[in-house]
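Peer 1: Reconstruct the complex from the two isolated chains, following the hints.
Given next are the chains, with one letter for each unit.
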Amino acid sequence: MSWILILEQSLNGLQFGLMLFLLAAGLTLVFGIMDMINLAHGSLYMLGAFLASTFVQLTGSFLAGVLLAIPATAVLGMLLEVSILRTLYTRDHLSQVLATFALILIINELVRLVWGSDAALPMPAALSGPVELLPGLRYPAYRLVIIGVGLAVALVLYLLVAKTRVGMLVRAGASNREMALAMGVDIKLLFTLVFGAGAALCAVAGSMLAPLLAVQVGMGENILILAFVVIVIGGIGSIRGALVGAVLVGVVDTIGRAFLPILLGAFFQPRVASAAGPALASVMIYLIMAVVLYFRPQGLFPARG
Amino acid sequence: MRKALFTTLLLIAFPLAMQWLGYLFYVSFASRVMIYAIAATSLNLVLGYGGMLSFGHAAFVGAGAYVASILVAEGVASAWIGWPAAVAASAALAWIIGAISLRTRGVYFIMITLAFAQMMFYLVNSMKAYGGDEGLTLPRRAELGLGLDLGNEVVFYYVVLLVLLAALYALHRVVHSRFGRVLIAIRENEARVEALGVPVYRYQLLCFVIAGAAGGLAGALLASHGKYVNPNVLHWLQSGTLMIMVILGGVGHLWGGVIGAAVLLGLEHVIADYPLPWLAQVAPNYQQHASLGVGIVLLVIVLFAPQGIAGLISRKRHA
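So the sequences go chain by chain: A and B.
No gaps in the numbering here: position 64 of the first sequence is 64 in this note's numbering, and each next residue is one more.
No gaps in the numbering here: position 91 of the second sequence is 91 in this note's numbering, and each next residue is one more.
Chain B on its own, in the form it takes in the complex (with noise of 0.2 angstroms):
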């Protein structure tokens, strides 16, 4: 808990030390990777919870960037509307998809996810009216009233940040929950809750379709940040890369959503823009081929640390 506190104020000091330094950019970056850690975290709940291997969350980012984007650029600029239409159009389509990919189980439901994620890629791909697979360009951000101006990136910054604290409030309540139990009951042993008389079917789904309204919300907060979006949220790289966050940072933690896109984004980040001298001087062209350290360390992490950040972290406390 103290934790906790302590990593709030930091992130709530940060744009102040970073304006007064003159480091804009890191502010913008810093939203970046908490609406990614919106992301992850969402996907967290579904992955680490409820242990149902979602392959398609970039489609309930994506289909949330969509409708936020589409509504600003159809003059509806405001974010009390855009934002929960984007929730709710991503817990509809998380609905649908969770009802039929839930009859299916282990490999099966790996795949019939990424079905339907691409199936709303190419859907997204094809609306020539919103750019099709050029994207959308929009004018400016969502706007927020109260006097608020979101363009401002330390405002921007604040409202992010707020939404990021509120998942991960909402995500320890829902995981401490009667609800949450027996999520987790499920993960560890499906057959024995279903024994039990618990109604698995409604449980996961549910857990589904919390995971994809906060999924739309991350997205139409991508699409306000980066003022772009275009139809790969939605490619299925995309929902690798949501996994990897996730593994990265720890399944089934608290903050393995944040611990993993804060790294990964970093990680990509410093390597492509800090040059470092020594390397330079064995690989001149490092610098382009920065998947190429990710993977490895992905792949080291993978293979070597099972558990993510959050795992070492908590294991060498225990230790």
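With the rest of the complex left out, here is chain A (with noise of 0.2 angstroms):
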């Protein structure tokens, strides 16, 4: 049984830590190429999932829906950069988190005067039974397609960047702005476009989870910290630090939950221990983040040499 149960939970940490990875691989690139701290990222994950909600009940149809409303995200975020972001390049940190903090807010309530404080999205009625993996191991297929879909764009996303001219040209960017820009890049276009990909992303993750978790307004802030956490481990710019840390941050957070409890239970009160164990399954994701930015303040995998 106890195996059983400890492969089960590593898979909702694969599941929850590539969807983290989605979100996470978008908000480096921003971070990466043009130095901009973006916390409006998580705003776009929950619109995303505002906009499935309406065009899957419009459509009849879940696919349809969620691919509607990847596009729709990724149009509504690039006119987000063309329109406020881009002037906020030059300034400094300081103004970037202000500025986007107030995005935040600003959002929100007018996701709250659209949809409303939250919205449903049922999940598919095909997929909603359970799949027998192993003898004795039942996983819900949901989560499976979560955990295909999320390899599968992890795995576009490595080959766009790695193997495209595109995709250089956003390394070159990650890796030294200045001297890409001297190469004669054009940096603009290319960070909309980046910017646009990013949104998508958002899309893909808000949408995806939405029938997991609930669709309603703010629940973008607190995933957001747990990206940025992401970001930090893996080494700001880096696709495939964001990777790494997001299934890291995921499996830790999930193992964490599910088995912190039980093993406090030992040593103390079964009521201590059940309130206790999550909270410290959610510490020890900063408590990561500590340890690796002491050690290795660039990150994991820096991107820049």
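By construction, these hints were calculated from the structure, which means they are not laboratory data.
Virtual Cβ for every residue (Gly too), placed ideally from N, Cα, C.
Please note: incorrect hints may appear among the correct ones.
What the hints assert, rightly or not - Not everything, but these chain B residues come out facing chain A in the computed CB check (under 7 angstroms):
#1 155
#2 159
#3 292
Said to hold, decoys possible - So the derived label-pair ranges between C-beta atoms look like this:
#4 B:206 with A:118: 44 to 50 angstroms
#5 A:178 with B:181: 42 to 48 angstroms
#6 B:190 with A:160: 35 to 41 angstroms
#7 A:114 with B:270: 22 to 28 angstroms
#8 B:6 with A:297: 45 to 51 angstroms
#9 A:176 with B:185: 28 to 34 angstroms
Peer 2: This is the structure:
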């Protein structure tokens, strides 16, 4: 029983980590190329989930709804970049933090005006059942789909960044912006595109996670901080770092939540253990980040050479 | 100087006038504004004068609030014990967090202070004995003795005012001391100050600890004021709100924190509690969306008035 439980929780951790990766990938590129702190990244995740909920209702198909939400969020993201964020690149980090914090407030309220405080995005019926992976291990089909989508997107992203010309420009921008500019790269256009791609990834994560979590105003705020933790652990600007960091954070968080209460239960009263376990799991993520920053201030896979 | 004196006299007369007019609610509201002003002023020392972008100041406010509340809940009601304990706890916390965080620079400093604050947030969330995520309700405010009843809104107001004035005076003195000059020099050019042989790290750490301690005092006052504390005082959005107040008021201006707290809380209150008929006709439920207005004002200020309101005022005077 025990190893099946561990396997199941590891899969849950992988699933959560991959979705975190989708958020962190866009964030780390924005951060790496333009040296820009974008707190409003979580708002795009929220927008993606709300848009998906509306499109799924309109079309009656989960797949079609999600596929419509992705370009729609990308367009919104690019509009945001062209209208407001672009003016912030040359400003200091403080201004960026505050301006994008203001955007969080504004987008939250706009979403509340358009959709209300929450929306529904039910799981597609065909995927709601479990699948027997191994004898004795029955795993929800929908979570397997999420893992599949996450791995596929990660692979596409890797090929795009590592093997194509656009990807080369992105890497050049992340490792040395001035040099890339001097070599004649149109950073402005490149960045709008990167931002759009980041928004699209947000929409994928938002709409895929929506049936498991809740679609509500404020859903982006907590996961945003986790995504920041991921990119700081992985090294700002590094896609590979984001993947490693995301899976690490996802697995530690999930496994910690599942097993720390049991582990603590061996030493403390059950009431104390069940309360302290999840908190300790959350603390552990930040502890990992603090330790990584202390010993490797540039993260595990620094993008800047 | 004359302006400061005038403002102080105005603040002293305020509760008497409100009492006379029968608007006691505003005395309590003003106390809340002043408590946030203390917290924002302490952040301004780190942010504006020290040039350290700490994104975890709520941790110190929250630690102070919780230490003071837990003492009251455990029966130690005296403010003479509770408030110094809150200050000491927050200072110790700031020392630990600062000692580790100040080894990093730039974006990483922002992120690591944020991470520590989140750690505190989750720790407090797990303290089931003291309310956990539901928070802790106090039977009464802390007790000051001396025949002063802090439960009385006017008395509480004057105590908070005294603390605020002391904090502002302390900030003024610190900034104009040798210590303050060095701090500002570090903000302007860290490498140069380092090269002069100044132990930059120690100066920054001391600044961080002083600000953390003052934040803890604000937290203790905040808990007493509302007779309630919950983990949201440590949430990162709270750190963001404090930052907003500092920016709104003016980074590195003595009165920045005060102006910022007054404008932000005042704006929220006015939008939420004073219906404008013409606006209600266009948008019937606009009052439930107060933070939309706050967000837009903030965005405009960041984009077009990076020096904050205090900066606008002094620029006008110089022009």
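Peer 1: If a hint holds in the structure, say so; if it does not, say that too.
Peer 2: Each hint tested on the structure:
Because the smallest distance between the Cβ of residue 155 (chain B) and any Cβ of chain A comes to about 35 angstroms, over 7 angstroms, the interface hint for this residue is violated. Given hint, residue 159 (chain B) at the interface with chain A, is violated; its Cβ is 32 angstroms from that chain's nearest Cβ, farther than 7 angstroms. A cut of 7 angstroms between beta carbons decides the hint on residue 292 (chain B): the least distance to chain A is about 4 angstroms, and the hint holds. At about 47 angstroms, the CB distance of residue 206 (chain B) to residue 118 (chain A) agrees with the hint of 44 to 50 angstroms.
For residue 178 (chain A) and residue 181 (chain B), the Cβ-Cβ distance of about 34 angstroms falls outside the hinted range of 42 to 48 angstroms, so the restraint is violated. The hinted window of 35 to 41 angstroms between residue 190 (chain B) and residue 160 (chain A) holds, with their beta carbons roughly 39 angstroms apart. Separation of residue 114 (chain A) from residue 270 (chain B) is about 25 angstroms and conforms to the stated range, judged on CB atoms against 22 to 28 angstroms. Checked against the hint of 45 to 51 angstroms, the C-beta distance between residue 6 (chain B) and residue 297 (chain A) comes to roughly 48 angstroms, which is consistent with it.
About 30 angstroms separates the C-beta atoms of residue 176 (chain A) and residue 185 (chain B), a value consistent with the hinted range of 28 to 34 angstroms.
In the structure shown, a violation is registered for the earlier hints numbered 1, 2, 5, in ascending order.
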